[in-house]
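Spelled out, the chains give:
4 protein chains.
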Amino acid sequence: MTRQERWQNFADWPLFIASLLFLAAYAWDVLDQPSGAAESLADIVLWATWGLFVIDYVANLVLVESDKRWRWFYTHLIDLAVVALPMLRALRLLRLLTLLRVLDRVAGRAVRGSLAIYMGGASVLLIVVGALAVLDAERTDPAASIRTFGEALWWAFVTMTTVGYGDYSPVTATGQIIAVVLMLGGIALLGVVTGSIASWIVEKVSDADAEQAAATAGHIHQLEDKVDQLQAMLREVLERDAEQVRAAR
Amino acid sequence: MTRQERWQNFADWPLFIASLLFLAAYAWDVLDQPSGAAESLADIVLWATWGLFVIDYVANLVLVESDKRWRWFYTHLIDLAVVALPMLRALRLLRLLTLLRVLDRVAGRAVRGSLAIYMGGASVLLIVVGALAVLDAERTDPAASIRTFGEALWWAFVTMTTVGYGDYSPVTATGQIIAVVLMLGGIALLGVVTGSIASWIVEKVSDADAEQAAATAGHIHQLEDKVDQLQAMLREVLERDAEQVRAAR
Amino acid sequence: MTRQERWQNFADWPLFIASLLFLAAYAWDVLDQPSGAAESLADIVLWATWGLFVIDYVANLVLVESDKRWRWFYTHLIDLAVVALPMLRALRLLRLLTLLRVLDRVAGRAVRGSLAIYMGGASVLLIVVGALAVLDAERTDPAASIRTFGEALWWAFVTMTTVGYGDYSPVTATGQIIAVVLMLGGIALLGVVTGSIASWIVEKVSDADAEQAAATAGHIHQLEDKVDQLQAMLREVLERDAEQVRAAR
Amino acid sequence: MTRQERWQNFADWPLFIASLLFLAAYAWDVLDQPSGAAESLADIVLWATWGLFVIDYVANLVLVESDKRWRWFYTHLIDLAVVALPMLRALRLLRLLTLLRVLDRVAGRAVRGSLAIYMGGASVLLIVVGALAVLDAERTDPAASIRTFGEALWWAFVTMTTVGYGDYSPVTATGQIIAVVLMLGGIALLGVVTGSIASWIVEKVSDADAEQAAATAGHIHQLEDKVDQLQAMLREVLERDAEQVRAAR
Numbered sequence: 001m002t003r004q005e006r007w008q009n010f011a012d013w014p015l016f017i018a019s020l021l022f023l024a025a026y027a028w029d030v031l032d033q034p035s036g037a038a039e040s041l042a043d044i045v046l047w048a049t050w051g052l053f054v055i056d057y058v059a060n061l062v063l064v065e066s067d068k069r070w071r072w073f074y075t076h077l078i079d080l081a082v083v084a085l086p087m088l089r090a091l092r093l094l095r096l097l098t099l100l101r102v103l104d105r106v107a108g109r110a111v112r113g114s115l116a117i118y119m120g121g122a123s124v125l126l127i128v129v130g131a132l133a134v135l136d137a138e139r140t141d142p143a144a145s146i147r148t149f150g151e152a153l154w155w156a157f158v159t160m161t162t163v164g165y166g167d168y169s170p171v172t173a174t175g176q177i178i179a180v181v182l183m184l185g186g187i188a189l190l191g192v193v194t195g196s197i198a199s200w201i202v203e204k205v206s207d208a209d210a211e212q213a214a215a216t217a218g219h220i221h222q223l224e225d226k227v228d229q230l231q232a233m234l235r236e237v238l239e240r241d242a243e244q245v246r247a248a249r
Numbered sequence: 001m002t003r004q005e006r007w008q009n010f011a012d013w014p015l016f017i018a019s020l021l022f023l024a025a026y027a028w029d030v031l032d033q034p035s036g037a038a039e040s041l042a043d044i045v046l047w048a049t050w051g052l053f054v055i056d057y058v059a060n061l062v063l064v065e066s067d068k069r070w071r072w073f074y075t076h077l078i079d080l081a082v083v084a085l086p087m088l089r090a091l092r093l094l095r096l097l098t099l100l101r102v103l104d105r106v107a108g109r110a111v112r113g114s115l116a117i118y119m120g121g122a123s124v125l126l127i128v129v130g131a132l133a134v135l136d137a138e139r140t141d142p143a144a145s146i147r148t149f150g151e152a153l154w155w156a157f158v159t160m161t162t163v164g165y166g167d168y169s170p171v172t173a174t175g176q177i178i179a180v181v182l183m184l185g186g187i188a189l190l191g192v193v194t195g196s197i198a199s200w201i202v203e204k205v206s207d208a209d210a211e212q213a214a215a216t217a218g219h220i221h222q223l224e225d226k227v228d229q230l231q232a233m234l235r236e237v238l239e240r241d242a243e244q245v246r247a248a249r
Numbered sequence: 001m002t003r004q005e006r007w008q009n010f011a012d013w014p015l016f017i018a019s020l021l022f023l024a025a026y027a028w029d030v031l032d033q034p035s036g037a038a039e040s041l042a043d044i045v046l047w048a049t050w051g052l053f054v055i056d057y058v059a060n061l062v063l064v065e066s067d068k069r070w071r072w073f074y075t076h077l078i079d080l081a082v083v084a085l086p087m088l089r090a091l092r093l094l095r096l097l098t099l100l101r102v103l104d105r106v107a108g109r110a111v112r113g114s115l116a117i118y119m120g121g122a123s124v125l126l127i128v129v130g131a132l133a134v135l136d137a138e139r140t141d142p143a144a145s146i147r148t149f150g151e152a153l154w155w156a157f158v159t160m161t162t163v164g165y166g167d168y169s170p171v172t173a174t175g176q177i178i179a180v181v182l183m184l185g186g187i188a189l190l191g192v193v194t195g196s197i198a199s200w201i202v203e204k205v206s207d208a209d210a211e212q213a214a215a216t217a218g219h220i221h222q223l224e225d226k227v228d229q230l231q232a233m234l235r236e237v238l239e240r241d242a243e244q245v246r247a248a249r
Numbered sequence: 001m002t003r004q005e006r007w008q009n010f011a012d013w014p015l016f017i018a019s020l021l022f023l024a025a026y027a028w029d030v031l032d033q034p035s036g037a038a039e040s041l042a043d044i045v046l047w048a049t050w051g052l053f054v055i056d057y058v059a060n061l062v063l064v065e066s067d068k069r070w071r072w073f074y075t076h077l078i079d080l081a082v083v084a085l086p087m088l089r090a091l092r093l094l095r096l097l098t099l100l101r102v103l104d105r106v107a108g109r110a111v112r113g114s115l116a117i118y119m120g121g122a123s124v125l126l127i128v129v130g131a132l133a134v135l136d137a138e139r140t141d142p143a144a145s146i147r148t149f150g151e152a153l154w155w156a157f158v159t160m161t162t163v164g165y166g167d168y169s170p171v172t173a174t175g176q177i178i179a180v181v182l183m184l185g186g187i188a189l190l191g192v193v194t195g196s197i198a199s200w201i202v203e204k205v206s207d208a209d210a211e212q213a214a215a216t217a218g219h220i221h222q223l224e225d226k227v228d229q230l231q232a233m234l235r236e237v238l239e240r241d242a243e244q245v246r247a248a249r
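The listed protein sequences correspond, in order, to chains L, Z, D and G. The first sequence begins at 1 in UniProt numbering and counts up by one. The second sequence begins at 1 in UniProt numbering and counts up by one. The third sequence begins at 1 in UniProt numbering and counts up by one. The fourth sequence begins at 1 in UniProt numbering and counts up by one.
This is chain L alone, in the form it adopts within the complex (with noise of 0.2 Å):
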């Protein structure tokens, strides 16, 4: 195990458990709208978390092996990017895409043997922080129609389903990527459950065919045993021949 290695074991559920804090700060912030002390207490909470992610990054980049740091760089722009973005103001929301990787990396090794539940747990999450974000980038907009969490949350299943009735949508650039994202989430989520069930059936009709391979294979041991017997009396053979030749001389 490297030393980074050693780094990612002892991080990874601190930086799980800073993504939950983060998660319900960043909930607190836009449903309760906090003012004075408490704003300072949620917005604390935000940044402290994002720069536990800062510091998991820079140990990442010190702890890899040295002649390696430079191709880890390159081949991890993208943490880059999602860690030192959000320093502006206006991408904070790309802060929520740390939090979705580090979900990722902790639960996801929990459940990703079983995809369903996995599938099922990155959507409620998906449509939760999809609600928390459009709520946040909509509501101040005086033509927007998504003004209550609870519209948020019905707008994010519609869209999520790609059923769209398009009685709420988002009307500001930062809710329509937010969007985006959900939409393209639905469509990984349709991929899957689909995916699922036509694998599950094509199982069942594979299963016959596996069985036919299992009899196959059950065949050539049975072959292999009597070949066996056949080389031990071969054996018997060739040493009667022995016996016969040293019996004749």
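Read the hints as simulated data drawn from the structure, not as lab findings. Quantities reported herein were computed from a predicted structural model and do not represent experimental measurements.
In silico PhoX-like pairs for lysine-lysine, Cα to Cα no more than 25 Å straight-line:
1. D/K226 - Z/K226
2. L/K226 - G/K226
3. L/K226 - D/K226
4. Z/K226 - G/K226
5. Z/K226 - L/K226
6. D/K226 - G/K226
Facing chain L, according to a computed beta carbon distance under 10 Å, are these residues of chain Z, among others:
7. A173
8. A179
9. M183
10. I187
11. L190
12. I197
13. R235
The beta carbon of each residue, even a glycine, is placed where N, CA and C say it ideally should be.
We have chain L already, so just place chains Z, D and G on it with the hints.
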């Protein structure tokens, strides 16, 4: 067969008929909005059928082997919720879930072999029940657009196929929750249709593979026969050798 | 070839041409709304082609072997409905189903090998027929938004791809039933497109498996050759033993 | 390599660069709506790049072997249409098809191996080109809702993911034809996403089958070795027998 299994075998058909009665009474209650004695009758049927499900739950809990009782209780918390929550008037819609579960248990056993019939039946049931439920939820809201059963049925189709024109869309929280269930049903429907077609096409391709596997299996059988003949021939050699040895003595 | 099969071979092409005539007359009736002599002509074509389908149904019923007649009748109740119901003016739309069935029977035989061409043709036909039918149904309703064939065609595309903007949507019961048929057609189209791509990808993967299976089959053939050689050698051993025995006597 | 193949190898990159120039000039023409000298410049680029495609078509027709010329002409009628029709101002949009075809030919060769990258690139290109084209078509219509590039881009995403809110939808015939192309692209995208996921899941399942097939192949190899040993042993028997016979003489 345990006492619990005997109970389930006995209870399935009565519960199935109770579900149909429940569905009929619910449809009557929603579509006709009976008053006076008629309303009482509908209510009695709704509560009586619900009572049967309570009896079924209690019977299962009592009849399960005593050492497995706690395990059964923990693994059937959803059943408890579905049975207990509709006692609150606001959650009486949840009784529809009971209905869907029983229909799944009884009708599913009959047609699950044919995925297409099962999925078609489930879709029709979901659309009809969803239309009834959304009509019940929306009708009393002054801002609602869904006001007749025809509109509700049309809306349910538009939602479940993920078309979503937006000419009708639910405005109450209850109606929106029902809409989400229909959307998820629509995604599952799409998945099954797509998956079935994909597996049908894949199957046609893998038929060729299966033929080759069958041919290979045939060759292996011939091989076994030949090896058996070899053994017989070698046995003859050994016997003649033994004869020779005897003759030589 | 039974008498019934000979009839079907004879009737397929006339029915196909009658279907095209029916489609042309229906389109003319809907798009041009002819009056006077022209209307009578269109009506005559529509009724005459329908008459051909009645003749086909009766001929099938008469020409089927007498001991299978009841079975044919019971298993073709849908054909009876499709032929008999359009006698009512309100259900004349059902004659379109006759059209779709004949096109499927004749054209399907030609192109079914190529699923993509078949599905593409069926989709175009469904969109054109659906647009004609919905225009016919909606045009006279004061609340309708679909009033020209262009709008009907645009609406049919928007519906069948499950996009569903909602800029046009049917308001009559007939129009909504046509919409449901188009939506189901859209789901089937999606299923075929997705399923074809999935099976194409799966096929590429299973090619590698098939190659291994072929290699295995090759090894088994070599094995058979070697065992044949073994048998030949053993036969030689047995013959020499026999010679020795003869020589020893 | 025929003269035609040498031409294609030579022409691909210039045509690719011409396509990018065409795309840039088209985007400039639509977004900036240049007038005077600038408009002339954009027009010159648009016509010059189109001229290159005419040259490519003629060169292919001239350089193909003379005995295959008619066959090439008949099998490339679509190329002729794509090259000849945009001479009419009203059909200049068709030049976008030329663009898509060349990008497919050149860029496709590079990334087709990775279906995901290819499909992602094609989707982005389709959305950008579709947004430009719909903006060009709709902007001048008084009833149009799509009036800025931002709205056109948002509309293209909403259409291609089949969400279809209906907040923006094309009202001109040209715009609606572009919309249909985007919808079909969306269905293809859904198909590729779903198909890839399905095949990925199926692959994981069939890995187990492949392992068993590999194990079976391994057993067959062992079997061959054993039969080889048998042959060697039998050969020994035969030689000893021959020795005995020689010794007995």
